[in-house]
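Peer 1: Chains as they are written, first to last, in this note's numbering: chain A, 1 to 115; chain B, 116 to 227.
Calculated from the structure, these hints are not laboratory results. Take these hints with a grain of salt, some might be off.
In silico DSS-like pairs for lysine-lysine, Cα to Cα no more than 30 Å straight-line [as the list claims (entries may be wrong)]:
1. A:Lys26 to B:Lys172
2. A:Lys50 to A:Lys107
3. B:Lys211 to B:Lys186
4. A:Lys107 to A:Lys37
5. A:Lys67 to B:Lys211
6. A:Lys50 to B:Lys172
7. A:Lys50 to B:Lys211
8. A:Lys68 to A:Lys50
9. A:Lys68 to B:Lys172
10. A:Lys37 to A:Lys50
11. B:Lys211 to B:Lys172
12. A:Lys26 to A:Lys67
13. A:Lys37 to B:Lys211
14. A:Lys37 to B:Lys172
15. B:Lys172 to A:Lys107
16. A:Lys107 to A:Lys68
17. A:Lys26 to B:Lys211
18. B:Lys211 to A:Lys68
19. B:Lys211 to A:Lys107
20. A:Lys67 to A:Lys107
21. A:Lys37 to B:Lys126
22. A:Lys107 to B:Lys126
23. B:Lys129 to B:Lys172
Here the structure is a predicted model, which means the values were calculated and not measured.
Here is how the chains run, residue by residue.
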Amino acid sequence: QQPVQSPQAVILREGEDAVINCSSSKALYSVHWYRQKHGEAPVFLMILLKGGEQKGHEKISASFNEKKQQSSLYLTASQLSYSGTYFCGTPPGMYSGGGADGLTFGKGTHLIIQP
Amino acid sequence: DTGVSQNPRHKITKRGQNVTFRCDPISEHNRLYWYRQTLGQGPEFLTYFQNEAQLEKSRLLSDRFSAERPKGSFSTLEIQRTEQGDSAMYLCASRKDGYGYTFGSGTRLTVV
Numbered sequence: 001q002q003p004v005q006s007p008q009a010v011i012l013r014e015g016e017d018a019v020i021n022c023s024s025s026k027a028l029y030s031v032h033w034y035r036q037k038h039g040e041a042p043v044f045l046m047i048l049l050k051g052g053e054q055k056g057h058e059k060i061s062a063s064f065n066e067k068k069q070q071s072s073l074y075l076t077a078s079q080l081s082y083s084g085t086y087f088c089g090t091p092p093g094m095y096s097g098g099g100a101d102g103l104t105f106g107k108g109t110h111l112i113i114q115p
Numbered sequence: 116d117t118g119v120s121q122n123p124r125h126k127i128t129k130r131g132q133n134v135t136f137r138c139d140p141i142s143e144h145n146r147l148y149w150y151r152q153t154l155g156q157g158p159e160f161l162t163y164f165q166n167e168a169q170l171e172k173s174r175l176l177s178d179r180f181s182a183e184r185p186k187g188s189f190s191t192l193e194i195q196r197t198e199q200g201d202s203a204m205y206l207c208a209s210r211k212d213g214y215g216y217t218f219g220s221g222t223r224l225t226v227v
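With these hints in hand, go ahead and build the complete structure from the sequences.
Peer 2: This is how it looks when you write it as structure tokens:
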């Protein structure tokens, strides 16, 4: 089942903060976050694993609430380069913790940062 | 790290023709995935390989689609008897266990 992302779109001024949410109707064992700019491939931002482990290579923070079956991505002091579409992706089952199986992605959140 | 390479970048084909795409993953990544993305949507999972073994295929993948990964290196995705509904961006991704995906730039297929 496809995770649900909210909001669908958000427009910010440079320097403002944003929160993007991802929720699932089934138990989550991990959540991936990616950013895609127009005409480009998705770029990995972060993976959150059950138990609190996080792996990422950008200065973006995220939370993972296993009980509520949701994750949130926090973009603080947004920069123009943060513009793009953000996708969360979830694996299909417990045996695939960490994204071992194919991810199901949400429909995306479009983020526009204005100067 | 030279990234994930996909060829060709663009492919225009007539309905009913067969097409084949190639993906060269990052060499130390043991897992390789194929996704399809249409305008305004997130990537849709098609299939994935762990080394040379194809471990999962999506229900979206009809019998016209086949993927291989000989010797656990590069992978090919073939679509037989293409239909207009096959028009999409086909993305390949690779990763190491426990890490995120590195996506290639994709192959844009247009079926006319």
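Peer 1: Each of the hints needs a verdict: does it hold here or not?
Peer 2: Structure-based check of each hint:
Between the alpha carbons of Lys26 (chain A) and Lys172 (chain B) the distance comes to roughly 21 Å, so the proposed pair stays at or under 30 Å and holds. Note on Lys50 (chain A) and Lys107 (chain A): the hinted pairing holds, with a Cα-Cα distance of about 23 Å set against a maximum of 30 Å. Note on Lys211 (chain B) and Lys186 (chain B): the hinted pairing holds, with a Cα-Cα distance of about 17 Å set against a maximum of 30 Å. The hinted pair formed by Lys107 (chain A) and Lys37 (chain A) meets the criterion: a straight-line CA distance of about 14 Å does not exceed 30 Å.
With a C-alpha separation of about 27 Å, the suggested pairing of Lys67 (chain A) with Lys211 (chain B) holds against the 30 Å cut-off. Between the alpha carbons of Lys50 (chain A) and Lys172 (chain B) the distance comes to roughly 25 Å, so the proposed pair stays at or under 30 Å and holds. About 18 Å separates the Cα atoms of Lys50 (chain A) and Lys211 (chain B), which keeps this hinted pair within 30 Å; it holds. A hinted pair counts as satisfied when its Cα atoms are at most 30 Å apart, and Lys68 (chain A) with Lys50 (chain A) qualifies at roughly 13 Å.
At most 30 Å may separate the alpha-carbon atoms for a hinted pair to count; Lys68 (chain A) and Lys172 (chain B) meet this at roughly 29 Å. About 28 Å separates the Cα atoms of Lys37 (chain A) and Lys50 (chain A), which keeps this hinted pair within 30 Å; it holds. Taken as a hint, the Lys211 (chain B) and Lys172 (chain B) pair is honoured in the structure, with Cα atoms around 19 Å apart against an allowance of 30 Å. For a cut-off of 30 Å, the pair hint linking Lys26 (chain A) to Lys67 (chain A) stands: about 10 Å separates their Cα positions.
Between Lys37 (chain A) and Lys211 (chain B), the direct Cα distance comes to roughly 24 Å. Compliance with the 30 Å bound is thereby established for this hinted pair. Taking the CA atoms of Lys37 (chain A) and Lys172 (chain B), the gap is about 27 Å. The hint holds against a cut of 30 Å. Distance check on the hinted pair: Lys172 (chain B) and Lys107 (chain A) sit about 21 Å apart at the alpha-carbon level, within 30 Å; holds. Between Lys107 (chain A) and Lys68 (chain A), the direct Cα distance comes to roughly 20 Å. Compliance with the 30 Å bound is thereby established for this hinted pair.
Of the supplied pair hints, the one linking Lys26 (chain A) and Lys211 (chain B) holds, its CA atoms being roughly 25 Å apart against a limit of 30 Å. Straight-line distance between C-alpha atoms of Lys211 (chain B) and Lys68 (chain A) comes to about 28 Å, which keeps the hinted pair within the 30 Å bound. Of the pairs offered as hints, the one joining Lys211 (chain B) and Lys107 (chain A) holds, with about 25 Å between alpha carbons and a cut-off of 30 Å not exceeded. Distance restraint check for Lys67 (chain A) and Lys107 (chain A): the Cα-Cα separation of roughly 22 Å lies within the 30 Å cut-off, and the hinted pair is therefore satisfied.
A hinted pair counts as satisfied when its Cα atoms are at most 30 Å apart, and Lys37 (chain A) with Lys126 (chain B) qualifies at roughly 21 Å. Proposed proximity of Lys107 (chain A) and Lys126 (chain B) is supported: the alpha carbons are some 25 Å apart, at most 30 Å. Annotation: proposed proximity of Lys129 (chain B) to Lys172 (chain B) holds, straight-line Cα distance about 26 Å (limit 30 Å).
No hint from the list above goes unmet by this structure.
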